[in-house]
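Novice: Next come the chains, spelled out residue by residue.
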Amino acid sequence: MSVELEPQGIEWDHLDTVARAAETPHQQQPYEELGLREDEYERIREVLGRRPTESELAMYSIMWSEHCSYKSSKVHLSKFQDLAPSSDRLLAGIGENAGVVKITDELAVTFKVESHNHPSFIEPYQGAATGVGGIVRDILAMGARPVAVMDPLRVGAADHPDTARVLTGVVAGIGGYGNALGLPNIGGEVVFDPCYQGNPLVNALCLGVLPVDRLQNKAATGPGNLVVLMGALTGRDGIGGVSVLASAGFDQEAATQRPSVQVGDPFMEKLLIEACLELYEAGLVVGVQDLGGAGLTCALSETAAAAGTGMEIALERVPLREPSMAPHEILASESQERMLLIVAPEHLEAVLAVAEKWGVPATAIGTVTDTGILRVTWHGHAVAELPPSSLADDGPVYARPIREPADLPLLQADRAETLPRPTTGEQLRETVLRLAASPNLCDRTWITEQFDRYVRGNTVAAMPENAGVIRLDERTRVGVALSVDGNSRYTRLDPYTGAQLALAEAYRNVAVSGAVPVAVTNCLNFGSPEDPHVMWQFAEAVRGLAEGCAQLGIPVTGGNVSFYNATGPVAINPTPIVGVLGVLEDVATRIPMGFSHPGDVIILVGETREELSGSEWAWVTHGHLGGSPPAVDLAAEQRLATLIRAARDLDLLRSAHDLSEGGLAQALVEACLRHGYGATVALPEDAPGGPFGFLFSESAGRALVSVPLGREKAFAAQCEEHQVPWTPLGVVAGADAPLTVTGQFEIDLAELRTAWSSTLPKLFDQLTARPE
Amino acid sequence: MARVVVDVMLKPEILDPQGQAVANALPRLGVTGVTSVRIGRRIELEFTEPPEPETVRQLADRLLANPVIEDYTVSFVSDEEPAGEPA
Amino acid sequence: MRIGVVTFPGSLDDVDAARAVRLAGGEAVSLWHADDQLYGVDAIILPGGFSYGDYLRCGAIARFAPVMESVMAAAAAGAPVLGICNGFQVLCEAHLLPGALTRNQHLHFRARDQRLQVETNRTAWTMGYTPGQEIVIPLKSGEGRYVADTATLDELERSGRVVARYVDDNPNGSMRDIAAICNEAGNVVGMMPHPEHAVDPLTGPSTDGLTVFTSVLKHLAGVAA
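The listed protein sequences correspond, in order, to chains Y, A and B.
For the first sequence, the residue numbers in the numbering used here are 41 to 812.
For the second sequence, the residue numbers in the numbering used here are 1373 to 1459.
For the third sequence, the residue numbers in the numbering used here are 16 to 240.
Please note: incorrect hints may appear among the correct ones.
[Stated by the list, open to error] Think about it this way: if two alpha-carbon atoms lie no more than 20 Å apart in a straight line, the pair counts; the simulated DMTMM-like pairs of lysine to aspartate or glutamate are:
hint, chain 1, residue 1, chain 2, residue 2
1, Y, Lys802, B, Asp184
2, A, Lys1383, B, Asp164
3, Y, Lys111, Y, Glu72
Since the hints were derived computationally from the structure, they do not count as laboratory data.
The following block holds chain Y by itself, in its conformation from the complex (with noise of 0.2 Å):
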């Protein structure tokens, strides 16, 4: 089914195509409007050799952008390859549209996270909602069937106006689009700090699963093949979104135009992800490839440049909702809900009638040739030729400079440990209320309320547990876990180890839910990378994330960077995110984080030190940030994650649940809180700090576990056979019993309930003003 439409508007003469380019070589061209540097344009007229036409202008404008061509960040990220660990387990890794980890000899599954931080400040709703809609694309071109999503969000102080403006509509548009995909939201965290002011961090992440023998890829090999686009009509959205590109026409007006802003359909999107699924069921496509940023240029080439095949395409067959769109429009535009498709001519036929079926229109644009050239024609006039790999493989590479920032020894000086501390009971349990209530350690019902975690039905286990599962087989009952994690106040303090931390976090978080951790994605989101501060910051979060995955032996299979993130001239704290994917063999043995049987027996596992610096605690009481962050140890938390797998199997666990930001205290108040159980505990004598510094301290490597009454000697003989410290606390209380630590204070649970769930509700719980 395709439209062809009159074109409208455009003058002939004017048209800037390959021949008039070699007849005018002197034409001024506006590069530098468009992003380009001098010398990155001549390099364009020296692959080309003559100067560009005004459509690969525009292609090379985008491509060469930070965003699309990773120009500042390749020769860092590299290292995820140099240092990757082997596994037998991927099918496709960085490079990809996503990572595939086989599960079983018949099932893999893929995943990745991906940002969309800039436009959700600009239009939050559609900003988020398009995120999910761009990495659910990404999932459904690896041949797998969208399963699940998580979103880690980060936004600024909560109690700023302009908070509620950008968290509401991203959260709806979160929901409103996921949920009309029928993915679950199966976890993610909402983080609140002033640097994200201006700029918030959307980042969404896509779990999807495929048999082992639907594995597609994004070549188009074939010469004589058909390249066809499938989904949603084109039209002006996005433009100027990647690069600076202005759609109506180089001049000082169009300078100052805002890119549209991209509207996600996810009905339609639904409708393709069931087209594509049902066209690879039938093998019927020899190449697929997803449009996302930088839209039909970046398809086109990146599918010819990985086959190493040209591309002859007839842009007038593109199906338009504007019909005066100019040629080097059509190339740039963003226009959601759509994917690209190889497909041998014998198939066309039912390629069609499967969209068709599905009501999603679906246009042959062109063919895969062997020149090794893309060449695009308006009408038949060759509007660009050039050699897909310089759009898409030979962009710049920057070695930018580094440089660490000059006040980094003096904030790490500045020490949070000596900072005043509660010391009386009284004084204790006042800081246990105040941390569980304030906006990041506070219940997030108010958010996931608006996901639906069901649909599909297969969700074992979503917010706020420690890991998002999900069942892959019923029969077998395999399943895997997913944890998205990152602390930027670590990651300021120390890049390196904030990194580390923030892997070791996901991990954990997989590992405590009686997972093998097994793959890694991450998103680096980042300030500017023309800021040798902030450049210095992302090589040492690249180095860590990439050593610490060495030495976990998890490798990176894919993931994003997002530079330039900034509020005003402030850059971002460094904030990479880093999502750990595991395996369960049988879901039904998942362990629950909550305590749940009254007499279990309360140990904590791991090592505590005093630790403060970077904490919760000392943001929350001194809105302090300083010091350096607590002490990684991969190795403990590889011991900690067998341990509890190995007392998982044995019977010995009731729960476990992984301390992080708030430390022991707010892992008391989540495991109690969870069913509604209460504690007695008592701290050790020779706790590190005292008793503040043992419920606060934020040392990683750590879980709360209970163990039923009777088998804590064999749980206690367990850890000294893995070589992990244990701490017996104290026992589960009855429901509705208070939360006591002996000697020094005890909180109501119906008091700590409503310190700890009032808090979004109060902020961000007006009616929203704005009608759909």
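Fit chains A and B to the known structure of chain Y by using the hints.
Specialist: For chains A and B alone, kept in the frame of chain Y given last:
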């Protein structure tokens, strides 16, 4: 070409929480003296030939509006008049 | 026993409804919206989701699908028909049930493990429950507020056609706390919560929803006898 505009509003007795939310927001923008806000839907149809009024009425009744909870009005707009200026 | 599950463009919980039918011991038959054949199914489920993107109004476009002609005829002939969430919306738009579903009063999509009270077991879909029985079923909707004029509401109450009510707190502002209703004959039931998500302790808050599906099989077995 003939344009038909169907305006759909919730029946007066139906609670309109969206309208209420907008009403609540007005004072924040310095606007007082608004006693009620109700939000509806405007549907514009372009016919190649002017349609029978009864056809449009039935279309409105069966699809464009839900008569259980909504009222509607139909306007026939001539070619020359724009049906509404873009903001 | 063959239970048809309709798939409209945008239907999402059709897969889950089919699973629930299987777990209850029935055979689930997939029915395509554009196909007016029912293939001899004994009962029909209109599942949850966002048919046609919820565009215009939820269920407003789906009600005109070719399959709906046959569903309406089957309903008139006494076949059990269950509309879940979006399916309930389609049944109201098609006038197989009175009233309408509108935007949640607090304007948010709300997902909750919701406590309900089953009011009547005199429908094909609830005969396995005891009147007054309290159950926990996931609710997940943005347009779940049931409205109808006072005369209709009174009639529903009077004739025992309120099938289930929300208890503890009303999650969406539905009038009279109505979560599910039925037609006069008791063969057509519409419910906002999702029983198909409460059939497996591994993936749901309870197995209270399974009874909806075992009920209709029991009803059909009784009819066949």
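Novice: If a hint holds in the structure, say so; if it doesn't, say that too.
Specialist: For each hint, the structure was consulted:
| no. | hint | verdict |
| --- | --- | --- |
| 1 | Lys802/Y with Asp184/B | 19 Å, holds |
| 2 | Lys1383/A with Asp164/B | 11 Å, holds |
| 3 | Lys111/Y with Glu72/Y | 17 Å, holds |
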